[in-house]
Amino acid sequence: MSDDHARETPPGARDAAAGGSVLDGAGDVPAGAREALAGAQAVLLAALVAGGEAPPGFDEGRLRIQAASLISKRRGTVARVRPDLVALLGGDFAREFEAYARGRPKPPGGSRADARDFADRLRAAGRLPPEPETAAGASRWLRPFRRVVKLLSGAVRPTG
Amino acid sequence: MAGSGSLGVGIGWRPEIDLTVERLPGVDFVEVVAENVRPERLPESLRVLRARGVPVIPHGVGLGVGGAEPPDPARLAHLAACAQALDAPLVSEHLAFVRAGGMEAGHLLPVPRTRAALSVVAANVRRAQAALPVPLALENVAALFGWPEDEMTEAQFLGELVEMTGVGLLVDVANLYTNQVNLGLSATGALDGLPLSELAYVHVAGGHSHHGVWHDTHTAHVPGEVLDILSELCARVDPPGVLLEWDDDYPSDAALEAELGRVRGAMARV
Numbered sequence: 001m002s003d004d005h006a007r008e009t010p011p012g013a014r015d016a017a018a019g020g021s022v023l024d025g026a027g028d029v030p031a032g033a034r035e036a037l038a039g040a041q042a043v044l045l046a047a048l049v050a051g052g053e054a055p056p057g058f059d060e061g062r063l064r065i066q067a068a069s070l071i072s073k074r075r076g077t078v079a080r081v082r083p084d085l086v087a088l089l090g091g092d093f094a095r096e097f098e099a100y101a102r103g104r105p106k107p108p109g110g111s112r113a114d115a116r117d118f119a120d121r122l123r124a125a126g127r128l129p130p131e132p133e134t135a136a137g138a139s140r141w142l143r144p145f146r147r148v149v150k151l152l153s154g155a156v157r158p159t160g
Numbered sequence: 001m002a003g004s005g006s007l008g009v010g011i012g013w014r015p016e017i018d019l020t021v022e023r024l025p026g027v028d029f030v031e032v033v034a035e036n037v038r039p040e041r042l043p044e045s046l047r048v049l050r051a052r053g054v055p056v057i058p059h060g061v062g063l064g065v066g067g068a069e070p071p072d073p074a075r076l077a078h079l080a081a082c083a084q085a086l087d088a089p090l091v092s093e094h095l096a097f098v099r100a101g102g103m104e105a106g107h108l109l110p111v112p113r114t115r116a117a118l119s120v121v122a123a124n125v126r127r128a129q130a131a132l133p134v135p136l137a138l139e140n141v142a143a144l145f146g147w148p149e150d151e152m153t154e155a156q157f158l159g160e161l162v163e164m165t166g167v168g169l170l171v172d173v174a175n176l177y178t179n180q181v182n183l184g185l186s187a188t189g190a191l192d193g194l195p196l197s198e199l200a201y202v203h204v205a206g207g208h209s210h211h212g213v214w215h216d217t218h219t220a221h222v223p224g225e226v227l228d229i230l231s232e233l234c235a236r237v238d239p240p241g242v243l244l245e246w247d248d249d250y251p252s253d254a255a256l257e258a259e260l261g262r263v264r265g266a267m268a269r270v
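Protein chains in written order, with UniProt numbering: chain A, 1 to 160; chain B, 1 to 270.
Hints in this document: simulated from the structure, not taken from any laboratory.
Possibly wrong hints are sitting among the right ones.
In silico SDA-like links for lysine to any residue, alpha-carbon gap of 25 Å or less [said to hold, decoys possible]: (1) A/73 / B/52; (2) A/73 / A/58; (3) A/73 / B/247.
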């Protein structure tokens, strides 16, 4: 981020930095404020999605509820991307997804990648048939709904 | 707030209910989740609505102006392109962070409400405003937890942000209700503290109670308590627009129509 700042900081702003703040874009940001916020948000998010320890001062019970709610939201999206997995796992879907997602952040690549990693884990555990058969099966099964699935699979929910 | 004019009563447009939204009587405007559309290839339903003169507001969920990093220029360019393609009166986003330390939250998380964080968020908002062809409005979020270092209420933080940047407000009354139930923060107290003169529009939605915690799921009937907060808001200001969010477990067209009727009823109860 410091490179980014160096590139975007207008000439003259360096002098302000000596006085304790820098011109950040069009605004005045105290020196180190971005870095401090980045650190605090990263530690909190690690506690919520990557199995990190709760940062001091937070209500740990509430962070656990938030963490569970984030997994449940991911599960809903993966269920929409891969209805075949929901059909296959039936009542085990939620428990299997929870076991997969706990302590494991959503991978880069969004919900599609999340669904793929989940399927890979199920396959490794012998809960899914080998890849080619599944892909062909899913594709045959989903053919009539392909447009809908395509439309929905990347969809983000605005809940908030 | 500049840009919003008079929007009326609306509903969140979703691909699953596109035809419903087109058919529903009394839909004065809609909102589309910006990350779910490609401006160069808008869904036909949105083009139909635009041809009818129905305003469509791009609503972003992934910018994270409450994050430590400046907003991503590619995400801003997408929002700007959506606004242009839809000839939108404004763009809306959230006062939230959605990623940090290389991890995605997949959700809108509350920002620590400190002076230092405010200066970062204000700088982010200014960058976003500079990249958008229309005004920006920011929404208050539903939180399950607060930061121990919070120095301000969300209303105070948003008020400062409005003063520093001129950003508009999207007040989600369901989120105010969520924070009242989960965090003991008075919703009417929040309404008292928010600069409602800068109100762009309002969100209402339903949710579920689970072990005493309110989850703002947007998948259920709007509870009377949320409509009461909407009435309280309307007693303070005539909102330019009020929009119902419903995101999954869609009910019948008649049920959605009745829900819009309940929203109008709450607005008229003043």
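Going through the hints against the structure:
{"no.": "1", "hint": "A/73 / B/52", "result": "35 Å, violated"}
{"no.": "2", "hint": "A/73 / A/58", "result": "22 Å, holds"}
{"no.": "3", "hint": "A/73 / B/247", "result": "12 Å, holds"}
In terms of the numbered hints stated before, the structure departs from hint 1 and from no other.
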